[in-house]
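Engineer: Combine the two chains into a complex, taking the hints into account.
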Amino acid sequence: MKPRILWVEDSARSELSSLVGPIYFSGKYDFNLAEDVTRAVRFVETKQFEVMVIDLRLPPGSDDYWVNLYKQNGSNRAQAHLGLNFISWLVGIDNKAYGRVAPAWVEPERIGVFTVESWSEVGEQIQNLRVKKYVQKTAGHSDTILLELIEELLNGHNGAGNGT
Amino acid sequence: MPPRAPREQNSSSSVTTAEIDPRAQELLTDIGRVLHANTNLLIMTEHSLNGVVELLGDNAKTATLPDPDDADEQLYALALRLAAAMEHFFQTTDPERRAEALPAAEWELMNEQPARLREIRDAIPIPEMRAPTLRVTAHEIAARYHNIAPGQLAREPVRHVLTEAEALERAAVRLDVLKTLNAIIQMEYTLRSLREYISSGVRQDTPPKRVLVRELVERAIRQLSEYARNSRVEIRWREHDFEDAVLGDERELVRAFSNVLHNAIKYSWRRDRAQAPWVRIVTRAENSHVLVEFENWGVPIERDEIETGQIFHFGYRGRRATDRGRLGTGIGLTDAKRVAEAHGGVLRVDSHPSLGGMRPDDPDYYEHPFLTTVTFELPLTD
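Which chain is which? The protein sequence lines are A and B, in order.
For the first sequence, our numbering assigns the number 220 to the last residue and increments by one with no breaks.
For the second sequence, our numbering assigns the number 386 to the last residue and increments by one with no breaks.
Just chain B, same shape as in the assembly (with noise of 0.2 Å):
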């Protein structure tokens, strides 16, 4: 529960705000204000990465991060293509002549590159560090036949690897900046909702109200719809016209929804190289209650954090959550069940292997995707 300061007594335990540490209560009022400096650097930061995006070349408005596949595939080739430059560089020019060139340990260790970008891929077997790592070792070639001086050695051979260091790093740093900008994306939506979760306990009561549950979740996915863009991630909608409604606070649900739609988007694996992921969110009527399911296909949910319930714990990330350096807080769960209790509803959530089969006791059987739902079912109002 976010701290409650103004009010004389919580309502939810029997402390009351002179008990609070005075501590807290500074925490309390500062957090907003650093929150704010944080989220204005990483805005500050986007702006200044848009300008490189389109220094490289691409719309900033339109540029999304490639799948992570392709993405590989192209650097891959790349670094193939320096590799075969270095290589016809050394076989076309004297090695006299190099040696007046540049010092002999330079190029021995230029010697040792070509074969480094070939087994890069067996090297560094996780991708998400293959980009930086080409990046740097594009870079060092690149400045290395800089300081060749001009008529040592044959000119073409030389411009030949300086073009294809400098598109390699060009092609790493690009994809580089579209994974620290959606990082900033992310990060920034989680800034705001933190703030959000942090003040709701300090924002005046306001007297609940009928809201319409369409409204609820077009509202979630239009605060989403970047993130969702710069993701790639499909969001698919259909019961436009669902004209069901809660009574409640309208700002604290949309935030749970958001909360949760967030997790599902961060938490999405591509499905297959046709089409991009996407994540499904059904609202229906059932027993008096209306039901709003957020579902995607990605990163497991462990049995266990579910059954204990750890996941609804404040500041805890599931053991599959930190896949492929996705971030978070750890809040967004917590907060969201906290708003449907608060509601009188109840929060869901249920994670299995997507295809048939798969037994808990497989070692690997965290490895495939699964399909999580996060459920809220909240009371229906007329």
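Chain A extracted, bound-state conformation (with noise of 0.2 Å):
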């Protein structure tokens, strides 16, 4: 069976929908995507995924939880960070509030955050969160840069966490 992969993103449609194209071309992988938390909780309950990448500004979706929490936080996806609050549910650290227990199967070392923000503004709630693998999103990478990074978390390469 192939490697199972959700990546969480908004702007798959549009900027980013290029990094699309050599994953499926490969073959390799069984392809994921959901866009707001809300679709990525219902993923993750119903199905389980080697690797998990993960933007950090995320709409909320339907789920009141997420909306309120997207309020809560000044209903901007920059300020609000849900992809944060999401991978904290996700390895465990923030379970009570939302009522749900996420899946015993996530591993921290499979999680990869894809993100426009750079290491300074976020690295340190990243390392909190025991995720390995951050690469920031800028405009000199090729359209393998998501296949990479999947491959690079299916192979346990955890990168320096330092910005790329």
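Since no wrong hints were added, every one of them can be taken at face value.
Computed from the model, here is a short list of chain B residues facing chain A with C-beta under 7 Å:
(1) GLU116
(2) ILE130
(3) GLU132
(4) MET133
(5) PRO136
(6) THR137
(7) VAL140
(8) THR141
(9) GLU144
Treat the hints as calculated values from the structure; they're not laboratory data.
Every residue gets a Cβ at the ideal spot worked out from N, C-alpha and C, and that includes glycine.
Structural biologist: Below you can see the structure in the form of structure tokens.
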């Protein structure tokens, strides 16, 4: 069976749409996309993923919990950083408020953060979540950047998390 | 509110210029330059992409973004043709000779591609992601067939695969370029409007003057005509002889109308295959006020976002605003509301399902098209 991948990203239809091509062509992965946090939760509650690549600026979707969290944090993707809240829930740090328990199969080592934020902005929070792999979105990346990130996570190449 | 730098006192608060953080002052000075540089970059990119459009056989002046469903159909048909060409290739070439032409791993990968091309719609359910995926797939296939040394395999089946792969790549690139051009035109307006918004705080006050609403609407339409054409959205407005006027700042009002019209174009869906989507503008007078309505059919605005006024918050983009990858800054409506109020008027927003019988607690309530109307209500002047 092909490794199952979840990409949580709301720009996958627009500026990042070309990153999926190399993954599909390789034929090596069962690729899934969630465009908001509510959908991402639904995915992880119904399927197990070998790798999850998560953006930090995410819309909440329809679930009241995420909508309220989004509103509390200023209703702004950049400020809300719901991706961090989602990872926090996934790795079991913040289960109580949501009232739903994250699946037991989740391993922080198999989570990658792919975001526009710089390491100096979010690095400490990412480290606190025990996530080891972080890549900043920049214009200079090739269209294989997502594929490379997935393969590094699968192969256990834990990048230093220092910005690239 | 945009910062009002050169005045001693901001009219809406007691914060004086001297109290504003010096970094905000720097930003105010530099942001215009930064935005200008970004606009230049967009124009440069637009010109380069127009060259690509012409290279691909279109006229850059008339080429428009095709209807997404039609484009998807066309690409899928080309993907099926490429799949058929590859299957024919495998049926008509000798495996041993193939093994001499390329490494086994490459053929294994190629052998999987026809099925993958046929399954693209199931495997990539989001249509916007299919074109770039097919582009990469076609390019990679062509790259491998180009590596087959002459004389190793029958020329015709190889050429057939190459022809179909290049046709698919070309169509996907064309679509990609037209989409990017559309996004550039959209963002170029957004940047221009943002610059106007920011600089409105530092421009000298101009005394209010009598302006015909008809002229304001005409100017807004003119500003967005290229974006509307490129997006294949028709702007419908009948009251060309509407002679009522308002008192105010013409530049600000044109920007406010343009912001709302820009949104209406951006968030329109096609109603049926026979005709292009349209935006309706209605201008009328009522109880000593002028009403200017911008109506579109498409992306919903959720009820609570209107009721709480969230959609007017600076930088806020509606929960449905990123539908089909639409870009934006979340400033246009904030600005439009501020301008309406500064002219003694109001800005109202209504968004409701275009089909009757829908209930807000239906799980797919917001998946259906909504009729959204943004109305400026401004005091009439003689």
